[in-house]
Amino acid sequence: MKQLYLVISFLFISIAYGQDAKSGGDIDGFKLYPNPVTNGKIYINTTAKAPKKILIFDVLGIQVLETTILGTELNLSDLDAGVYVLRVFEKNKVATRKLIVK
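Here UniProt numbering is used: the first residue of the sequence shown is 1, the next is one more, and so on.
Heads up, some of the hints might be wrong.
Straight-line Cα separation of at most 30 angstroms, DSSO-like style, residue types lysine-lysine; simulated pairs [unchecked claim]:
| id | residue 1 | residue 2 |
| --- | --- | --- |
| 1 | Lys102 | Lys41 |
| 2 | Lys91 | Lys53 |
| 3 | Lys49 | Lys98 |
Estimated spans, in silico, between C-beta atoms of each pair [to be verified]:
| id | residue 1 | residue 2 | range |
| --- | --- | --- | --- |
| 4 | Gly40 | Asn92 | 26 to 34 angstroms |
| 5 | Asp26 | Gly71 | 18 to 26 angstroms |
| 6 | Lys98 | Asn39 | 14 to 22 angstroms |
Hints are computed from structural coordinates only; laboratory data are not their basis. Computed from a predicted structure; not experimentally measured. We put the CB at the ideal spot given by N, CA and C, even for glycine.
All chains should be built: construct the whole structure from the sequences, respecting the hints.
So, in structure tokens, the structure goes:
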């Protein structure tokens with residue numbers, strides 16, 4: 001039953017973040033890999049290659065990480081295994097994706 005509540009919470013969080021009216025749209029050329037994360041690092045590529053503000057939330061909507069990256073590599077070795085919501089802000093655009101850490 002607890003897993004059902006977590007899945008339902010994750011769905012509501014995903015929908016809420018995906019419908020953010022303030023966003024300027026999805027980031028051009030956004031690529032996130034590898035997903036699922038197995039080695040503690042992910043790479044985020046975009047067309048603009050500008051600095052990116054990164055927010056990561058757990059399935060309950062609690063922010064677990066906030067950082068800014070200048071390149072493409074993000075170290076996630078401090079995160080426990082699980083499902084997260086990743087938000088990337090670049091200039092006036094935002095991208096929201098599901099992130100799985102194994």
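Outcome of the hint check:
no., hint, in the structure
1, Lys102 - Lys41, "11 angstroms, holds"
2, Lys91 - Lys53, "9 angstroms, holds"
3, Lys49 - Lys98, "21 angstroms, holds"
4, Gly40 - Asn92: 26 to 34 angstroms, "30 angstroms, holds"
5, Asp26 - Gly71: 18 to 26 angstroms, "21 angstroms, holds"
6, Lys98 - Asn39: 14 to 22 angstroms, "18 angstroms, holds"
The structure shown violates none of the earlier numbered hints.
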